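Asks: Below are the chains, spelled out letter by letter.
Protein chains: 2
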Amino acid sequence: MTLTQSPAPQRSLQVALGERSYPIHIGPGLLGDATWLSPYLAGRQVMIVTNETVAPRYLARCRQGLPEGLEVEELVLPDGEATKTLESVSRIWDALLAAGFNRRCTLIALGGGVIGDMVGFAAACYQRGVAFIQVPTTLLSQVDSSVGGKTGVNHPRGKNMIGAFWQPQAVLIDTDTLLTLPSRELSAGLAEVIKYGLIRDVGFLGWLEENMTALRDLDASALTQAIERSCTIKAEIVAEDETEQGVRALLNLGHTFGHAIEAHQGYGNWLHGEAVGVGMLMAAELSQRLGWLSVAEVARTAAIIEAAGLPLLAPADMTAEDFLDRMRLDKKNVDSRLRLILLRGLGDACLHDETPSGLLTELLASFPRR
Amino acid sequence: MTLTQSPAPQRSLQVALGERSYPIHIGPGLLGDATWLSPYLAGRQVMIVTNETVAPRYLARCRQGLPEGLEVEELVLPDGEATKTLESVSRIWDALLAAGFNRRCTLIALGGGVIGDMVGFAAACYQRGVAFIQVPTTLLSQVDSSVGGKTGVNHPRGKNMIGAFWQPQAVLIDTDTLLTLPSRELSAGLAEVIKYGLIRDVGFLGWLEENMTALRDLDASALTQAIERSCTIKAEIVAEDETEQGVRALLNLGHTFGHAIEAHQGYGNWLHGEAVGVGMLMAAELSQRLGWLSVAEVARTAAIIEAAGLPLLAPADMTAEDFLDRMRLDKKNVDSRLRLILLRGLGDACLHDETPSGLLTELLASFPRR
Chain A
416 MTLTQSPAPQ
426 RSLQVALGER
436 SYPIHIGPGL
446 LGDATWLSPY
456 LAGRQVMIVT
466 NETVAPRYLA
476 RCRQGLPEGL
486 EVEELVLPDG
496 EATKTLESVS
506 RIWDALLAAG
516 FNRRCTLIAL
526 GGGVIGDMVG
536 FAAACYQRGV
546 AFIQVPTTLL
556 SQVDSSVGGK
566 TGVNHPRGKN
576 MIGAFWQPQA
586 VLIDTDTLLT
596 LPSRELSAGL
606 AEVIKYGLIR
616 DVGFLGWLEE
626 NMTALRDLDA
636 SALTQAIERS
646 CTIKAEIVAE
656 DETEQGVRAL
666 LNLGHTFGHA
676 IEAHQGYGNW
686 LHGEAVGVGM
696 LMAAELSQRL
706 GWLSVAEVAR
716 TAAIIEAAGL
726 PLLAPADMTA
736 EDFLDRMRLD
746 KKNVDSRLRL
756 ILLRGLGDAC
766 LHDETPSGLL
776 TELLASFPRR
Chain B
416 MTLTQSPAPQ
426 RSLQVALGER
436 SYPIHIGPGL
446 LGDATWLSPY
456 LAGRQVMIVT
466 NETVAPRYLA
476 RCRQGLPEGL
486 EVEELVLPDG
496 EATKTLESVS
506 RIWDALLAAG
516 FNRRCTLIAL
526 GGGVIGDMVG
536 FAAACYQRGV
546 AFIQVPTTLL
556 SQVDSSVGGK
566 TGVNHPRGKN
576 MIGAFWQPQA
586 VLIDTDTLLT
596 LPSRELSAGL
606 AEVIKYGLIR
616 DVGFLGWLEE
626 NMTALRDLDA
636 SALTQAIERS
646 CTIKAEIVAE
656 DETEQGVRAL
666 LNLGHTFGHA
676 IEAHQGYGNW
686 LHGEAVGVGM
696 LMAAELSQRL
706 GWLSVAEVAR
716 TAAIIEAAGL
726 PLLAPADMTA
736 EDFLDRMRLD
746 KKNVDSRLRL
756 ILLRGLGDAC
766 LHDETPSGLL
776 TELLASFPRR
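Protein sequence lines correspond, in order, to chains A and B. Whatever position you read off the first sequence (first residue = 1), add 415 for my numbering. Whatever position you read off the second sequence (first residue = 1), add 415 for my numbering.
What the hints contain is simulated information worked out from the structure, not anything from laboratory work. Predicted, not measured: the structure shown is a model, and the values here were computed from it. Fair warning: there could be bad hints in the mix.
It does not matter which identical chain is used: a pair holds within one copy or between any two.
What the hints assert, rightly or not - The list that follows gives simulated cross-link-like pairs (lysine to any residue, SDA-like), each with its CA atoms no further than 20 Å apart: (1) K747 <-> A654; (2) K747 <-> S598; (3) K747 <-> S772.
Assemble the whole structure, with the sequences as input and the hints as a guide.
Replies: Set out below in structure tokens:
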């Protein structure tokens, strides 16, 4: 773990995927500066897609960051996970076709994970694939969903069930956008930051324990370091396993449980990061029941999740059976085998498909509820 | 041009695309024989998707060609190009989710080009990509759409506007299915066969002129040879240029004009191959106006299209402007430049974006109408 204590204003990483490689640029003031978007435009046609919450704050600044002489369209969708549907993506396709956009157009996803996932999927399938740029404006999308090319929408029967692997041309993370982020959403983003420590980097977990207050106080230096370290780990894993045949599944720590909560509670009622926080704690407790984590390590996991301002209790109205019903549809499962990401230690996640079902049911039944 | 005169019952080709390579098997009796489907199944969950016309003829036989012990689902969609919509693909996703199918499932596309395109697109986006097998039952899909991984659906504003490049695990062409194909659809398929001669193989064009009667009489040997030669040319071009950055665009000879006819007339009223036939003749005439083809070569083009039983006249109610409006949306265009596939000679197609617009408008205005 080597984080410098005084970061330069802009940091850049590379996601190494051969001819699909792309940079992640992190820093303040990227949004309105034309030097950042220009190199990644495929042609003269550009559509900025954002939502009703982000548009009044950042749409004008984003547009200002485009060079002169382009054909620029804007599309403002409703906000929220409940809008992450095929119907919303169809609205993007309709707008692209109405504008006569061709295969050399570029979509810009300006917003959080919902916008990034939908715009990426729209780009993946418009005329069989066009360019897009991720401009994530929430911590969660900056450290997770904007990197790695997972795109898609939800289906009433499951989260992200329809989608594609489609890599952006670049990810532009303007850390200034976090200054207007509601604290509940900041906490949700911190869940994914904690995840990187839990799955791969116990040193980073220690750094987070020391710096959690600074992060929640929006300390620019701490945020930049947390984002950079998170993106670095994500980029490494994605470069190893772009389409999740193996190690990439580890990024789903807490997500199998978390997706079940989100789907059961109705998308948007629990934030994704909140559900993942509880899900990571469930994974830690199950790992402890398997003899892999100590009680103290589970307590340490709970403490950092709580320090991030995240809930520790599962929804009151969800039975063990409710969890299992949703978890059986998880994309990681192979044939009828349930596969879970668990912790062999802090900073050491593994994919496990041999959890005795009694142990899992017991955990789900006894886990504290609200 | 070396076509053997007595083909073996089964022929196999390979589409060389690195780790996405796959075989094309051609011959009679493949459908009910379990040796053909089994090697290409990703797991134990299989869904056969077909349409109302094909189901009574071949669904039972296809199912019989699956090994024992699988979880098999069937989905029968309505028939016709008008059904090639996002809504139909959504029905496939709904059925997959209702059946609890996971990422290791396999879709089988049993039918013509519409089924193949939709099932391929459904496979491309279900859980970000699952396996599928093409089992084309029309000549058109056997020689063209089932090979090369172009999948997708139509949009009211344009054909194949929403889709993905997604390669099948295998293409199984049972030539017996042509015995029940209506002659109008056989002719439509022959348009794409003729296309291969026109773009890349004047020797094959000569062979087609000699064997057109045998082909239309469903001579098994002639059909097998025509399919094999067509698939070979298509596989070569796809291997060179999977995502149509260059040479693959040549496969669109006649399609820019043809798509305009299909879209203007309402999908399904003109068969795709019929529209392509007229489109190829338009391309030949425009090539002649550019000084590349002789009048005799255009006449030879018209003669082989007519011999295949295809129309030579454009729709009476389509003006030059109607054509241009539709053609401007073509996926090959870059920025606002119209790109056409034309013929520098018979068997020698090229991508051209410098056709004087006056010449094009003149051709469109003067081309014979019904």
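Asks: For every hint, state whether the structure bears it out.
Replies: Hint by hint, here is what the structure shows:
no. : hint          : verdict
1   : K747 <-> A654 : within (19 Å within a copy, 31 Å between copies)
2   : K747 <-> S598 : neither (31 Å within a copy, 47 Å between copies)
3   : K747 <-> S772 : within (17 Å within a copy, 54 Å between copies)
The structure fails hint 2 only (numbered hints given earlier).
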